[in-house]
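Go ahead and model the full structure; you've got the sequences and the hints to work with.
Here the protein sequences line up with chains A and B, keeping their order.
Positions 1 to 113 (my numbering) are the ones given, in order, by the first sequence.
Positions 114 to 308 (my numbering) are the ones given, in order, by the second sequence.
No wet-lab data here; the hints were simulated from the structure.
Incorrect hints may have been included.
Stated by the list, open to error - Listed below are the simulated BS3-like cross-link pairs for lysine-lysine, each with C-alpha atoms no more than 25 Å apart in a straight line:
no.: 1; chain 1: B; residue 1: Lys-301; chain 2: A; residue 2: Lys-36
no.: 2; chain 1: A; residue 1: Lys-40; chain 2: B; residue 2: Lys-301
no.: 3; chain 1: B; residue 1: Lys-244; chain 2: B; residue 2: Lys-283
no.: 4; chain 1: B; residue 1: Lys-244; chain 2: B; residue 2: Lys-262
no.: 5; chain 1: B; residue 1: Lys-249; chain 2: B; residue 2: Lys-262
no.: 6; chain 1: B; residue 1: Lys-263; chain 2: B; residue 2: Lys-301
What follows is each chain in one-letter form.
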Amino acid sequence: MKNCNQFREIFEAYALGALDAAERISLEAHLATGCKDCAKSVEEARWLVSQLAYLAPEAAPSDMLNANRPRRSPSREEVCIHQTRNPRMDVGRRRRSLSLQRFFSAQRRGTPQ
Amino acid sequence: VFLAALLPTANRELSLDATLVHRLLQKDVSAFEQLYDRHCRTVYGLLLRILQQAGTAEEVAQDVFLQLWRNAGQYDESRGPFVPWLLTLARNRALDTLRLKSERQRRREDQTEELPPVFAAPEYEKQLDEKRRAEKVRALMGSLTPQQKKAIELAYFEGLSHSEIAAALKEPLGTVKSWIRNGLLRLKEGLQATT
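Now the structure itself:
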């Protein structure tokens, strides 16, 4: 079993998901022993890694995604419009998109999901 | 609301997110709308960067917000701030999608809904609002060596491991590990120095 000092150099890579299996398993086994110092270091590394998300430029989703937000229940006509606007949307995507619309429509009506 | 108005901008943002997530537990649709409006551009931008396809990114974005709606109780505001947790959830979902696509598998609607753990933020995190933090992170990354930046981006946006990056860049494994670690430590020092 390694001691804490030997893990010090891999906390960031662990949070990044970049460790190869052997190192990851070794660190996770150590964390499972309840080492609070290493757990805290991993938390800090996770926060640091989460900041990398800001490297991606913000982007606005298309009308289709915005239409799925639960501002109001979409009408049958709107659903048809989305399908028409996205003729290349595959069947699976269309099904999931409509599923989300139905989900939020049901929330509006108070129907349990 | 009055007390929140007295807080510094960054703290006010944190407090507002926590309040909105708390309201999600009561299935408050209006709270969901506000969270979506506040964060959808950041989430979608990240997903688009990872997945490189608008349609897939939109699909995963829907999934991320649906997970949030269904599992808001898994976010514990006492353990850490909301946005880093949401972005980690989005990244995990995007990388899962990338891996599934590479294995030519189709994602199923009833796939696991495991969410990432909430993690604490260092004290200096509270000093920056989102806009300033994004600017700072980009500036700091711009100050890294091209190799450090490339290795970190391959790991973060493409989900590659140390050895996969070493193979992709045709560099020794130890060198790649050093690039990533030193680059992230420099980022950390830079963010700490912000306060």
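If you test the structure against every hint from before, which numbers come out violated?
3
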